[in-house]
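> Put together the whole structure using the sequences plus the hints.
Each chain, letter by letter, is given below.
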Amino acid sequence: MDFTSDVVNIAVEELSKLPGIGKKTAQRLVFFLLKQEGESVKSLAAALVALTERVRYCPVCFNITEQTPCAICEHPKRDRHIICVVEEPNDVLAIERTGEYHGLYHVLGGALSPLEGIGPDNLRIRELIKRLQDDVDELILATNASAEGEATALYISKLTRDLGIKTTRIARGVPVGGDLEYTDEVTLARALSNRTEL
Amino acid sequence: MLLSRLLLKQFRNYTELDIELHPHLNILTGENGQGKTNILESIYCLSLVKSFRTSKDTEMVQFGRDTSTIAGDYQSDHGVTHKIVMIQNGRRKSISLDGKRVIRHSDLIGQFPLVLFSPEDHRITSGTPAERRKFLDILLSQANRSYLKTLQEYQRILRQRNQLLALLAEKKISIQELEIWNETLAEAGCSLIDSRRKFLHNIAEPLKEYYSSISENKGVLEIHYAHSSVEEIETKEQYQEALASVFGKEVALSKTIIGPHRDDIVLTIDGRDVRKHASRGEQKSVLLALKLIELNYLKTKIGVTPVLLLDDIYSELDTGRQKHVFETICRFGQTFITSATRINFPSPDNSTFIVTNGNLVRQQSSPK
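So the sequence lines, in the order shown, correspond to chains A and B. Just remember that this note's numbering sits 3 ahead of the position in the first sequence, which is counted from 1. Just remember that this note's numbering sits 1 ahead of the position in the second sequence, which is counted from 1.
By construction, these hints were calculated from the structure, which means they are not laboratory data. One or more of the hints may lead you astray.
Unchecked claim - Subject to a maximum C-alpha distance of 16 Å in a straight line, what follows is the list of computed EDC-like cross-link-like pairs (lysine to aspartate or glutamate): (1) B:Lys-219 to B:Asp-271; (2) B:Lys-219 to B:Asp-319; (3) B:Lys-10 to B:Asp-58; (4) B:Lys-57 to B:Asp-67; (5) A:Lys-161 to B:Glu-178; (6) A:Lys-161 to B:Glu-184; (7) B:Lys-94 to B:Asp-58; (8) B:Lys-101 to B:Asp-74; (9) B:Lys-173 to A:Asp-124; (10) A:Lys-26 to A:Glu-16; (11) B:Lys-209 to B:Glu-223; (12) B:Lys-84 to B:Asp-19; (13) B:Lys-302 to A:Asp-124; (14) A:Lys-161 to B:Glu-180; (15) B:Lys-209 to B:Asp-274; (16) B:Lys-173 to A:Asp-187; (17) B:Lys-150 to A:Asp-187; (18) B:Lys-94 to B:Asp-138; (19) B:Lys-172 to A:Asp-124; (20) B:Lys-150 to A:Glu-188; (21) B:Lys-302 to B:Asp-138; (22) B:Lys-150 to B:Asp-138.
Stated by the list, open to error - With beta-carbon atoms standing in for the labels, derived distance ranges: (23) B:Ser-107 to A:Glu-40: 43 to 53 Å; (24) B:Lys-172 to A:Thr-55: 32 to 42 Å; (25) A:Pro-22 to B:Lys-172: 33 to 43 Å; (26) B:Thr-68 to A:Leu-36: 33 to 43 Å; (27) A:Pro-22 to B:Thr-301: 58 to 68 Å; (28) B:Glu-242 to A:Arg-193: 36 to 46 Å; (29) A:Leu-51 to B:Thr-59: 43 to 53 Å; (30) B:Ala-170 to A:Arg-193: 32 to 42 Å; (31) A:Arg-83 to B:Leu-201: 47 to 57 Å; (32) A:Leu-51 to B:Leu-201: 32 to 42 Å; (33) A:Leu-32 to B:Leu-201: 50 to 60 Å; (34) B:Arg-160 to A:Asp-187: 15 to 25 Å; (35) A:Thr-55 to B:Arg-124: 53 to 63 Å.
Said to hold, decoys possible - Computed far set for chain A versus chain B, every beta-carbon distance over 12 Å: (36) Ala-97; (37) Leu-166; (38) Lys-169.
Just so you know, even glycine gets a beta-carbon here, dropped at the ideal spot from N, CA and C.
Okay, here's the thing in structure tokens:
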């Protein structure tokens, strides 16, 4: 059923396009917003507009940024000889949170998936290869541990093998602080086969 | 693990039932349509949280009612009693184990392991290779979760690769792209083949023994893994060579034509293919031997003796085979047998129930 206000109807329809949000939730959100003070809703709207107007992809690493190139690419203390390849900007965030990595990134924008029509040309692989011409010593492949992520890592490693650049894949294993007995069998089996010497 | 007591409320044609069960052998006899298989179905539900006859849980609720209950008292191999209650309320199912709510229903699977032998199982020996792969995959997945994960990953890669083959046929992509997926396919595929072959290797001897015991030494049963590729595949390199050798054909068909999803198990009696040349009686014995393997394998892998359900199978065997089945089964835990005709077991150590229209009556064992 529609509401008597078209403005409300449009807001509900727009919100229900978002991932994980159906029509019912969209209605609830709209009513919540209607009850809020005007200012806080306006600042939400302004934030959304700013997203589309000011945020873009870094022309070097394709992370999301407001400046060109992005803060990480421009940072003077970052190691420019090492590049970490990830699928999405979210993954950059995850690795940054570790505080352990000081090199540069390259965001592919997804993983190879023929079923979804994503081939190498749809990812930023060509751009990555171009970057490798500048004095890069190591490439870390940090794509997801899914079938698609593995295939993507394999594809890139084939290209870089010919270029003679050291290429590594992040290890998979037991989570820190995790009890062995609660670790799923697959992860544990892989951790065992990729064990390291002390 | 054994089921010592079963309670049913508004389940199929049982309005109310509360029975004590025999620790070894329970025989359910009665005419067709009286509710013999319904009892097996309820026990199956307690173990695997679903029916083997329908995918709709609501079908098990008595006609005209909203709720149904299945409850069972299990006794573990160590003699500890566990109470499980399953209530179907409309489409919702709630389960409690020893008074505690079970939130993830799949957690229950494997706790009360069970092996069912039903008339549909004849497909394993006489049906298409897909039936035998299914038997193998379900058994290995139940016993080993990483097999299940690898199987799911293999199927995912397979779909991706088949899509690529179609694109390649239309000349929309380069062959280099396919090679990547060949490698990931080979990795997952090799792991599956390896697990399956190891399993077959381990069960080969016990299977032979079971069969010769059931068939009274009439023939030697052997089991082999049959590769869909021309050459046997053991390593990833061999896998990729095999893929390369059928490349043209695969592109033309836009389909992956070799690998675990096309492999088969071949059963032979004295060298004759069971599927093509065995008599119906022989096929039944082979099936029974396979089911005993399933029972034994789950028992050693999960560490709990499964409950065995024989639905309408026993009475179809000849007297000699029946006798040997009985003797083999008695080495295991608890067994439930349904039969339209009366069964005379060589041992009085059992409970026989007469099933009539949603009711069970325990038959007093009368001296002959």
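> Against which earlier hints does the structure fall short, listed by number upward?
Hints 13, 16, 18, 27, 28, 32 not satisfied by this model.
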